[in-house]
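Peer 1: Chains as they are written, first to last, in our numbering: chain U, 1 to 319; chain X, 1 to 319; chain R, 1 to 319; chain W, 1 to 319; chain Z, 1 to 319; chain Y, 1 to 319.
Treat the hints with care, since some could be wrong.
Derived Cβ-Cβ restraints for the label pairs, each shown as a range [said to hold, decoys possible]:
#1 U:Leu4 with W:Phe64: 27 to 35 Å
#2 W:Gln72 with U:Lys85: 31 to 39 Å
#3 Z:Gln72 with R:Lys34: 31 to 39 Å
#4 U:Asp10 with W:Lys81: 48 to 56 Å
#5 R:Arg316 with U:Ile235: 51 to 59 Å
#6 U:Gln76 with W:Ser44: 34 to 42 Å
Chain R residues, not near chain Y, derived (Cβ > 10 Å throughout) [as the list claims (entries may be wrong)]:
#7 Asp38
#8 Lys85
#9 Glu94
No wet-lab data here; the hints were simulated from the structure.
No residue lacks a Cβ here, since even glycine has one placed at the ideal position from N, Cα and C.
6 protein chains.
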Amino acid sequence: MTSLIKNLRDGDEFVGFYLIKEIEAKQTSSSIPKDYLDLVLADSSGAISAKYWDASKTDIETFFPMCLVKVQGVVQVYREKLQAKVIRIRKTVEQDGVSITDFIRSAPVEVEGLLQDIQKAIISIIHDEIRSIVTFCFEKVKDKMYSSPAAKFHHHAYYGGLAYHIVRMLELGEFICHQRPFLNSDLIKAGIIMHDIAKPVEMISEYGMVLDYSNQGKLIGHISMAANWITEAAIKLGIDLESDVIMAIQHLILSHHNLGEWGSPVQPQLPEAVALHYIDAMDAKLQMVEDMLQTTAESEQWTPVIRGLENKAIYRLKI
Amino acid sequence: MTSLIKNLRDGDEFVGFYLIKEIEAKQTSSSIPKDYLDLVLADSSGAISAKYWDASKTDIETFFPMCLVKVQGVVQVYREKLQAKVIRIRKTVEQDGVSITDFIRSAPVEVEGLLQDIQKAIISIIHDEIRSIVTFCFEKVKDKMYSSPAAKFHHHAYYGGLAYHIVRMLELGEFICHQRPFLNSDLIKAGIIMHDIAKPVEMISEYGMVLDYSNQGKLIGHISMAANWITEAAIKLGIDLESDVIMAIQHLILSHHNLGEWGSPVQPQLPEAVALHYIDAMDAKLQMVEDMLQTTAESEQWTPVIRGLENKAIYRLKI
Amino acid sequence: MTSLIKNLRDGDEFVGFYLIKEIEAKQTSSSIPKDYLDLVLADSSGAISAKYWDASKTDIETFFPMCLVKVQGVVQVYREKLQAKVIRIRKTVEQDGVSITDFIRSAPVEVEGLLQDIQKAIISIIHDEIRSIVTFCFEKVKDKMYSSPAAKFHHHAYYGGLAYHIVRMLELGEFICHQRPFLNSDLIKAGIIMHDIAKPVEMISEYGMVLDYSNQGKLIGHISMAANWITEAAIKLGIDLESDVIMAIQHLILSHHNLGEWGSPVQPQLPEAVALHYIDAMDAKLQMVEDMLQTTAESEQWTPVIRGLENKAIYRLKI
Amino acid sequence: MTSLIKNLRDGDEFVGFYLIKEIEAKQTSSSIPKDYLDLVLADSSGAISAKYWDASKTDIETFFPMCLVKVQGVVQVYREKLQAKVIRIRKTVEQDGVSITDFIRSAPVEVEGLLQDIQKAIISIIHDEIRSIVTFCFEKVKDKMYSSPAAKFHHHAYYGGLAYHIVRMLELGEFICHQRPFLNSDLIKAGIIMHDIAKPVEMISEYGMVLDYSNQGKLIGHISMAANWITEAAIKLGIDLESDVIMAIQHLILSHHNLGEWGSPVQPQLPEAVALHYIDAMDAKLQMVEDMLQTTAESEQWTPVIRGLENKAIYRLKI
Amino acid sequence: MTSLIKNLRDGDEFVGFYLIKEIEAKQTSSSIPKDYLDLVLADSSGAISAKYWDASKTDIETFFPMCLVKVQGVVQVYREKLQAKVIRIRKTVEQDGVSITDFIRSAPVEVEGLLQDIQKAIISIIHDEIRSIVTFCFEKVKDKMYSSPAAKFHHHAYYGGLAYHIVRMLELGEFICHQRPFLNSDLIKAGIIMHDIAKPVEMISEYGMVLDYSNQGKLIGHISMAANWITEAAIKLGIDLESDVIMAIQHLILSHHNLGEWGSPVQPQLPEAVALHYIDAMDAKLQMVEDMLQTTAESEQWTPVIRGLENKAIYRLKI
Amino acid sequence: MTSLIKNLRDGDEFVGFYLIKEIEAKQTSSSIPKDYLDLVLADSSGAISAKYWDASKTDIETFFPMCLVKVQGVVQVYREKLQAKVIRIRKTVEQDGVSITDFIRSAPVEVEGLLQDIQKAIISIIHDEIRSIVTFCFEKVKDKMYSSPAAKFHHHAYYGGLAYHIVRMLELGEFICHQRPFLNSDLIKAGIIMHDIAKPVEMISEYGMVLDYSNQGKLIGHISMAANWITEAAIKLGIDLESDVIMAIQHLILSHHNLGEWGSPVQPQLPEAVALHYIDAMDAKLQMVEDMLQTTAESEQWTPVIRGLENKAIYRLKI
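Same shape as in the complex, but just chain U (with noise of 0.2 Å):
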């Protein structure tokens, strides 16, 4: 029976099935080098460093990153750090009945219902061009919703993460629409629905962790992309370009990061805007301190420190 990695404790012999999440081949320094794997193996529950030492030719050319294994190992304390010594390891074969999708962090609700909401979000919509737009860039990405991270390391960094996003910020949506009653609903679903409906083909991702940016994310951006596809979605509509919806869904794509500095090339100025913002804020701050507290050891009083959190750490506070 495989060991969850979180279980793993110094001296604990193991056999178990795990993903190989990074993989070098390496010389020793000895005056005839010799040749080792330097290794990452991951499951759903977290990852640890191994070394399998005496890898073989053969060894070096049968792995590779993403590949599933089933490895027999020994765990010892390097450097104050729990480090895996493999014995043996091979690629697993169908007969072991395993599938990658068991090692990948995943958001923390099945993608499948996440998909549904937000469709029924989009159906809920009132107003026809709005809906209609809104379907129509949905459609586009609705295949790479299913995995597509939020982000590339701030938060909602994995497998669903970013229809995890979206669904968690249309129920925030939902209660200021409630309690401010001048804001239009519509366009607050339009805006959180679409605000990185384009991150999908911005980034290249697999299993839900983002590999690279692709060409257009580096050279036109998710946020000018999505406009992009308003426009095309209006012409294709045959919505007015120049109306006051187009123009208006347009700005809650662009100004959504809220200052030109993180990418916004106009500022929030309908009141859907800057609501939008903060909600898409919100959501990403505290799904930030959750992930971060929910991977970090129960036994730590601190977590690591949170980039988009500038830079500070979280307390788990006992009271």
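Given the structure of chain U, go ahead and fit chains X, R, W, Z and Y onto it with the hints provided.
Peer 2: For chains X, R, W, Z and Y alone, kept in the frame of chain U given last:
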């Protein structure tokens, strides 16, 4: 019958009760200068500038800011703006049956109810020490809380504004705690009620208008004043000054402006501190927008610029 | 015969045709206030403030901004500045044979020729898709391009200013492409012609003077408006929206302000985008200097401060 | 006889007592990895890195940071730096007659005398309430003051550093009060003694080396901690919390970092607060320079860069 | 007998000698405008605005800024401020026995003595080359040093202000060199005397009031001007331009503003350069505070805001 | 025949002449550590890291940075990068007929020609005093100008880089003066030739590679050094130090970095100073792009990030 100021039009003759918001004795620059009064008259619907030509020495001594008056006048357009020419003016007497609170801007709901809501929230705090600390500090300013605005200009700058800000934040805080159960709702409530608790002492206000900052307000600031009150409360209530509870409440108050350049000596490092900052920001920013839209004539597409929103104006969208 | 404003001296009596650039009805502060008109009269050589004492109600209704008038007056020094005292004033009639364009500030060369230069540059673009995109977008604003300034205050703020800016940039762009053959001259031309292509729609201008920004201008901004036009052009011309050509042209426009805080959502990442930013900056800054020196009296050693040059003034060196 | 580390040269064989400042058990990357110890040995004159090859398991368990050892070794040059190869190593025993305080960096004068100087300054405060407040707060940390450094890295980062910083500031403060009699010397003394009074509790230090910040240090910060102590002192001493004296002392502490981004929630608004900030800055900056010059080899023209001086190095001028 | 301006009260009739600090000929806005003079009268104790109604053409030509006058008038309150109504006014004549220096603001000690102190400090410099350089540069501006202020607004903005600033800095410098013997006191003295040595040429001042900056002041700046003078001195005195002495003195001057954005092209990298910056800052800031307190009425708790102190006001504490 | 480094492929055996760009003696971490050499070999086409295992003590003493060697080796892939394993290595001898200049990176045209172009430009300066000043300063560094780079990393960081930068700027300057005749072309030429004239003395470079900054470079900086040279030139040539010509040339040099935080003590206030800054910026930025594209393998779509371009990479567009 009194005409509401927002309904006055060019050429109108009017009689009514108003509040003198500003008053200055000036002299014409004719070779034999003559005295006149330069006034701003206000009621709960707005304000208008006015001139009282040929004011006597007695007039100059009679009228003062925040004085209620009965005025007969005529409306003119001067430099593209409406202006009242005062024909007759006298101070109100008891028989007129008017009260200053009818003429000032105030929170959109009854302050009495707001204070009850805050007290209910205090009572609902489960943790004894937290509840005692909040009670102690709230008692210090309960009386001033009736009228105190939340700020001089930026947001909730009116009678009962601070209480209104707190109550709306409590609603939002309740939602967030429900959505994210890892947050401690006692701390969220305490943080919301206490975050600006020293503002009524930091600012010298009358009828919801800030006249100045107190010496304490300038030299200590409301954030550190509140921190001192918590220390005082702990000593008087016999709570250990070094306990995590005191540390946590102080941290919430000290960090709620988020950044040093915004006045916080430490940055948020508790989950509830992160939440508190964004709850505060969202409520303040959306209220600025809502207030500005309400005090801008319906006929205007754009509000004036809002200092607290990067000096941007808000567009009154019609879709 | 009309006296040019820049030639008026203290004590001069004059008769001539002028443009009313600003006008305000004011009242003296004598005890029986009297109406007068506070004016700014302009011709193509400059502007002068003027007073028309004892204006009648009819006068106040007759004259308005941008109205052409015949004026008889006398020049006085008031508070160390020249000021005209208006003796007689009337609106011009057809027989006077004067036209508003004689009285406004405009680019130093004929706009007609500038537009021809731009169109020649468009025709010289070799790459078919680039040329088609540029043609499509240019057609949208060709008519407005006659009069459109390049900015409200900073630079080229006059009739035909945008066209003049583009043509000078094309000259500089041609030189740079010749000096550095690794640059793609089609992209340089496209970038130059398109970089401010949406400005005539972003700004509401009359006779080369910007009166305001349009709603689109405020909520979308000329950079994103131009990006949208490129999307529209691609769809209507049947060019692949995902192609490198579309991506490159969009990138040039989006990045030409160089930094987020200057309004660009992405930073230059094509050689031609780097070049475009500096071609734009150099032309704008040097034109500010040249224009300011030309509109500053020869007798002044220092120009007024120039906002676009870190609020520095320019010294008129004589060596 | 022990060789001072700063006198060791390439090829020297040496025997002596040292402090283990850092220690890490590592393994060679040979195919059969072997344990060795990577050390930093220190005495009061400096530090040197050292390797103990072929360390046994017992060795790895025996030695730890801040442990005193007797070492026999030889000095080699490795990658252009001196390094000791350890031949024999053992922990010191009582008979060796060595004490840890002989091996740590400390203030250039006796801490005992520094504390007496501070206490003399306290006694010389004329105003009773000020003197009582300072006495109360000083008593809280008097014991820790013996060893406490003034900062982790920036300045006075050694045994007794804080006391030394205070005493030098008192000298400078006395001069300034003499030069500018409008300053209140009681407040200057109080401000100097109290400005960093909470640092020994903000930081967890051992032998003058800061190991970490305490939870209070991170969540409240030494500035607000000191403000709280003043509140506590006032209550316990029966001094009116609203009095100008309490307000003044709190203001001095709260404002002494001068700017919000440097951690002060209010900016200096008393003459003594302005003076305090500059007295603190001058002493800290000059001490950084003096310390860095003293710990840089005489043969070096330039010191390493100093973080607290805009990352600039200091030139050792010889004129 | 002349009444000091700071002693004038509402209703006072007075006769006395004053300096015309500002004067402007204006016209009333009656339909037949009449001339009057808008004045600011000053003496060494303060200033008061004044009106001279019914001024004749001769009056307008007679009086000018910095002109000494004898005035008979009466004090009135206008817009909550004291204002003098001038009844009779004439220029002073020789027999009046008054001199302009009696009416201007100046350093609190005799300038003559300040210059002697500076010259004593120069003579006390031991290093021959440093002393020669300082002497050479000081001779360039010795005459102007009598009257030159240290800045336009910020600090020491009065007759002899620069000399006073230098002398107080020399006192502080002497203390610091005594406290920290590793500092070279010759360099400290040279740096203090030379740091603003070119200011009398950078600024055009009269009677201690800066009227403008010179062309050199704007285009080169006093820091680089002083650097050039050192080069000139070295050449004329036959000192090696590449020597460490010249490099050190230039470095002190160039770096004394500490940061690039404050005008220093290099940052302090000599111990004496670090000291010089803080000696300069401390003296300038404390003098701002002292001057502002002295020119604010004793009855005021708060001074006006001080630009050089982050726009903060100073509180006049009474304990 | 020597193989160019950029043509080496995995598995290649090669013999050739190379430059040792970096060299470090290391030891393997086997229990009996062995010496080896860690090298970077370079030729004009690029660089490759190399290991020389089993180096003898003699080898370690024989080879040094910038030493030319003949190497026999084999190419391997190590950690995804090419690496050479050295089999035999010896220093070159005279008979090998190789020279260091064949192995270093240099400007793309002959330095000899660049220097002639600069001298032609100097001769073409019409104004006698400007030409003399430029000649004087240029003579100071003419010899160093052969090899001097324009910067340590940012741009033109190679043999002859500074001369190449100047010549390209002169071409651009000539165009700008032709396009905008109000610019004084003598000043433009002088500014271009002199703007970095002190860099060869500010930086210590060898074969176009900057090893360090000189003491003068650190303490005075090239901008102020050049200003001093102009002062020296004026004195030695008998030109009035206070003349507008000297002031103008100094201003051009002092202001060419545009902002204080970029090192300029004054900001551009002459038309030619504004032009000079943008000519410098455009040439530097475009050269960074061009150089980076040329040294990035053709197969790479993106260059590495460029520090001088806001840390952005450049995309190699193919259209």
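Peer 1: To test your reading of the hints: which numbers does this structure violate?
Peer 2: Failing hint: just 4.
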